[in-house]
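Asks: Each chain, letter by letter, is given below.
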Amino acid sequence: MSGTVTERKNLQLSNAVVRFAGDSGDGMQLTGDRFTTQTAIAGNDLATLPDFPAEIRAPAGTLAGVSSFQLHFSDQDIHTPGDAPDVLVAMNPAALKKHIGALKPGGTLIVNTDAFTNRNLQKAGYDADPLESDILADYQIHRVPVTDLTLRALEDTIERGELNKKEAERCKNMLALGLISWMFSRPISGTEEWLKDKFAKAPHIADANITVLRAGWNYGETTEAFVFTYEVKSAQLAPGRYRNITGNQALAYGLVAASVRSKLPLFYGSYPITPASDILHELAQHKNFGVSTFQAEDEIAAMGSVIGAAFGGSLAVTASSGPGVALKAEAMGLAMMTELPCIVVNVQRGGPSTGLPTKTEQSDLLQAMYGRNGEAPIPVVAASSPADCFDAAIEAARIALTYRTPVVLLSDGFLANSAEPWNLPDVDGLPDLSTVYEFPTEPNGEDGEFLPYLRDESTLARSWALPGTAGLEHRIGGLEKEDGSGHINYEPENHHAMTVLRHQRLQRIADALPPLEVEDPDGDADVLVVGWGSTKGPIQAACAELRERGRKVARTHIRHLAPLPNDVDEVLGRYDTVVCPEANMGQLSMLLRARTLVDVKTYNRVSGQPFSGSELAEAIEGFGWGGQA
Amino acid sequence: MTSNNGKLTKKDFTSDREVRWCPGCGDYAILATVQTMLADAGARPESTVFVSGIGCSSRFPYYMDTYGFHTIHGRAPTVATGLAASRPDLDVWVVTGDGDGLSIGGNHLMHALRRNVNLNILLFNNEIYGLTKGQYSPTSPMGSTHKSTPMGSLDHPVNPVSLALGAEATFVGRSIDTDRKHLTEVMTRAYEHRGASFVEIYQNCNIFNDGAFAALKDPGQKDENQIRLKAGEPIVFGPEDEHAVVAEPDGSMAIVPTAEAGDRVVVHDPSRSEPTTAFALSRLSLNPTGPTPIGVFRDVDRPVYDDLLRDQVTRARSERGEGDLAALLESGNVWEVA
Ligand code: SF4
Chain A
1 MSGTVTERKN LQLSNAVVRF AGDSGDGMQL TGDRFTTQTA IAGNDLATLP
51 DFPAEIRAPA GTLAGVSSFQ LHFSDQDIHT PGDAPDVLVA MNPAALKKHI
101 GALKPGGTLI VNTDAFTNRN LQKAGYDADP LESDILADYQ IHRVPVTDLT
151 LRALEDTIER GELNKKEAER CKNMLALGLI SWMFSRPISG TEEWLKDKFA
201 KAPHIADANI TVLRAGWNYG ETTEAFVFTY EVKSAQLAPG RYRNITGNQA
251 LAYGLVAASV RSKLPLFYGS YPITPASDIL HELAQHKNFG VSTFQAEDEI
301 AAMGSVIGAA FGGSLAVTAS SGPGVALKAE AMGLAMMTEL PCIVVNVQRG
351 GPSTGLPTKT EQSDLLQAMY GRNGEAPIPV VAASSPADCF DAAIEAARIA
401 LTYRTPVVLL SDGFLANSAE PWNLPDVDGL PDLSTVYEFP TEPNGEDGEF
451 LPYLRDESTL ARSWALPGTA GLEHRIGGLE KEDGSGHINY EPENHHAMTV
501 LRHQRLQRIA DALPPLEVED PDGDADVLVV GWGSTKGPIQ AACAELRERG
551 RKVARTHIRH LAPLPNDVDE VLGRYDTVVC PEANMGQLSM LLRARTLVDV
601 KTYNRVSGQP FSGSELAEAI EGFGWGGQA
Chain B
1001 MTSNNGKLTK KDFTSDREVR WCPGCGDYAI LATVQTMLAD AGARPESTVF
1051 VSGIGCSSRF PYYMDTYGFH TIHGRAPTVA TGLAASRPDL DVWVVTGDGD
1101 GLSIGGNHLM HALRRNVNLN ILLFNNEIYG LTKGQYSPTS PMGSTHKSTP
1151 MGSLDHPVNP VSLALGAEAT FVGRSIDTDR KHLTEVMTRA YEHRGASFVE
1201 IYQNCNIFND GAFAALKDPG QKDENQIRLK AGEPIVFGPE DEHAVVAEPD
1251 GSMAIVPTAE AGDRVVVHDP SRSEPTTAFA LSRLSLNPTG PTPIGVFRDV
1301 DRPVYDDLLR DQVTRARSER GEGDLAALLE SGNVWEVA
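Here the protein sequences come in this chain order: A and B. Residue numbers for the first sequence follow our numbering, beginning at 1 and rising by one. Residue numbers for the second sequence follow our numbering, beginning at 1001 and rising by one.
Worth double-checking, as some hints may not be accurate.
What the hints assert, rightly or not - Footprint (simulated), chain B over chain A, 3 or more residues, beta carbon under 8 angstroms: (1) 180 to 189; (2) 245 to 258; (3) 309 to 318; (4) 375 to 381; (5) 472 to 479.
Stated by the list, open to error - Computed list of chain A residues with no C-beta within reach of chain B, every gap over 10 angstroms: (6) Arg170; (7) Ala215; (8) Ser234; (9) Glu330; (10) Thr338; (11) Glu438; (12) His487; (13) Ile488; (14) Val500; (15) Glu621.
Hints are computed from structural coordinates only; laboratory data are not their basis. None of the values given here were measured: they were computed from a predicted structure. Backbone N, C-alpha and C fix where the C-beta goes; we use that ideal spot for every residue, glycine too.
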């Protein structure tokens, strides 16, 4: 190996997709995370897709144990984590086998040759070593002895007895990170600082990782095998201060912001469940905002504690995923019946039953709408991107507090774990939620009586009188009641009237919503694509692709799923064809058809993975412009 | 609202709702005792909250002129936990029954007790499902014949006091619906206890399970069967104190004639930090059909969950200062786009 390289080209790219794949124990999520941060700092727009097994320690070396992290970055505005990767890093045979099919023809493949042992090949189901055959002929393949290079870089450390061989080997993901960082001209100093900070208590581990990281960089620099380096210039993002954020983190921040802006203490009661637990972990770190976190004994208790805290005057929130929300259903009905403000977050995962805990899906929409006994309407709000989880949380709090109702906030596994740059909002410009409610101190009825179900005429919100207030003592519960007094009432006409009233309460929310935003650049589109939740990015990408092909396509994204905006009938009615792609079997499509009587075409794929833009572009084209599907 | 010189009376805790239990139900006596006891103990209606689940006993909050929450089946401890944890200024009571608290809600009861949430839990035990019209409950004796068990129930019953002690409840007591004086005493001590207090109340359901507690209530039998626990005193009972409770070498307890007991008689001490002795006492009777201890089994201090929860918030604030939202959003790698 010579020390200098005669000719090396630096290619300017507009965007690139890199996928790191390895065994769950290889640290691919961390590698991806770090590369994402370096990329964000370089000013690219980006989107990520972490994908990992549900098992904490899936058998090493097997296909089931493969964990991957994909990053799409660009000098343009992008909406999805990308389709086919340009660069694939495969740390073992199983990772190669699982991901090689996705790599672009002619794409760059980096393999850790040291992991291609007979045993690992066998575990991955290879009869012969693929590196020796011509099945990889379509790719720019780089055979890198990652493990060996790592051990060699740490020779001294091992000799000094600071790390044993096994521990040293664990640093190998840093070699891959260093190499890829070099390849895309990404400075690694930020990661070095991060390592020092993370291992502040064990500086020798920080040092070892940094040594290997630099070795990876230098390997790229000094090896003639790498003819190209790449550069993706920074994107023209809107001016502002940016940081990277995942959906779960943004959602937790949104809840803290709602607490600050409503001047109400945040009470968060929840039971651990994938993929929602990170919200609990995040909030537990912010007790100095007056946040109380309560890890309940089960999902039902979590919901119960939220109802109790709401009764006591907190901004009360719980989060779960589909199976947990199913358990909460009865208590959510109680929250609706007692008209207490609270938020139930559902970070949707693959269902049904235990389903695919670490994968994404949109199949709990109808559960959110109807998954309770009786006529129990509850508002439903959905977040559409990782950063949007912040705004969606504040919107859910606004509705809960203004209208005194539980609100379901839908996120999903993809939003929860993937990251994007977030243009930080001006804190003082966030909605003021302290004026949308008040705690009464005086009786509201004649002769000094207090009527807990007396309502505000415009919002139909009932009085939120807190225990501890003298003269307002009252009783509430899940039995049918009389409006105004809240007394138990079993009269047939009263029950009908109360049922209608609980639906009217949702209509009042719709009456105050802004009109749907429709993106129809020339105002003459033939096809309208309707989406909700995390499909926003892929739909945006699909529409951009279709417009490039000359297709007239419009797009709208529905944040408020219950109640639907008042103009939804009019907007859908305007277009020849309406297509609704969903990662379920057509749940919103069904709701829209029932509501608007428009023949909404539905595109469905329930794979646990987000849609890609090109997949949707093709699907939409199949429905519109005389196409048939 | 208040009567003479600010002192509250039973009336101040009585709501205007018509009480709808069956005539003769033991719940009436408990309601009257609670209303008087609260007034006498100096409780304030506005700071008192009754939370209940589902069942006959769970109608209780509607009859109290305090704050009240009639929740769903078995879940009262969860709602009460959220309320107590977020509101240190309130006295939160849970009213539950043997079906509500030990069957569908058994899980929550255990966790509320072991966490030591600041709640007073009253469990009305009538050994039957009343509201659903007479099925056997988790406390019904084995072999009881009811609507759902014409050939006799197969379940080994749960002893609520044993269960509460097993969950390491810091206050555990037992009393009887119609024994106003005793019930007042036990409940007053429960009210004064900080942390979770658990009181089992034997409550007669005269419609579906009349006479279940006759052994402890009938004038002809009760002196023979009530083992009245008094702190600091030897545990003896019977019309002439002729029976004594003694500790056996295997840790259990037995009843022997007082004359033969000598210095083996157990002296009652509810403040023992280990719940073992109290547990052994609770095992003297599986069902209250023979000699059965009543009174306060255990009364110890342990840090209270809601205090600990609030302490963490206070500590986070004093260590890191009041949260600054803008700073929180900016935490992490921030870059500027001009
Ligand atoms: S059914 Fe039994 S417990 Fe229920 S109210 Fe009637 S007597 Fe009381």
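Asks: None of the hints should be skipped; say for each whether it holds.
Replies: Each hint, compared with the structure:
Check result for the segment 180 to 189 of chain A against chain B: violated, 0 residues qualifying (beta carbon to beta carbon below 8 angstroms, three or more required). Closer than 8 angstroms: that is the beta-carbon criterion, and the segment 245 to 258 of chain A has 4 residues meeting it against chain B, so the requirement of 3 holds. Coverage of the segment 309 to 318 of chain A by chain B holds in this model, with 7 residues showing a Cβ closer than 8 angstroms to a Cβ of that chain against a need of three. With a cut-off of 8 angstroms between beta carbons, the segment 375 to 381 of chain A has 0 residues touching chain B; three or more are needed, and the interface restraint is violated.
Look at the segment 472 to 479 of chain A against chain B: 8 of its residues bring a Cβ nearer than 8 angstroms to a Cβ of that chain, three or more, so the hint holds. Arg170(A), annotated as away from the interface, keeps every beta carbon of chain B farther than 10 angstroms; the closest lies near 25 angstroms. With 10 angstroms as the threshold on Cβ separation, the claim that Ala215(A) sits away from chain B holds: the shortest Cβ distance comes to roughly 24 angstroms. A beta-carbon of chain B comes within 10 angstroms of the beta-carbon of Ser234(A); the shortest separation is about 8 angstroms.
Not every CB of chain B is more than 10 angstroms from the CB of Glu330(A) (nearest about 6 angstroms), against its label as outside the interface. Look at Thr338(A): its CB is around 8 angstroms from the nearest CB on chain B, not clear of 10 angstroms, so calling it non-interface is violated. Interface exclusion of Glu438(A) from chain B stands, the closest Cβ pair being 18 angstroms apart, more than 10 angstroms. Against the 10 angstroms criterion, His487(A) falls within the reach of chain B, whose nearest CB is about 8 angstroms from its own CB.
For Ile488(A), the requirement that its beta carbon stay farther than 10 angstroms from each beta carbon of chain B is not met, with the minimum near 7 angstroms. Consistency note on Val500(A): stated as away from chain B, and its beta-carbon is indeed over 10 angstroms from all of that chain's, at 23 angstroms minimum. Every CB of chain B is more than 10 angstroms from the CB of Glu621(A) (nearest about 35 angstroms), matching its label as outside the interface.
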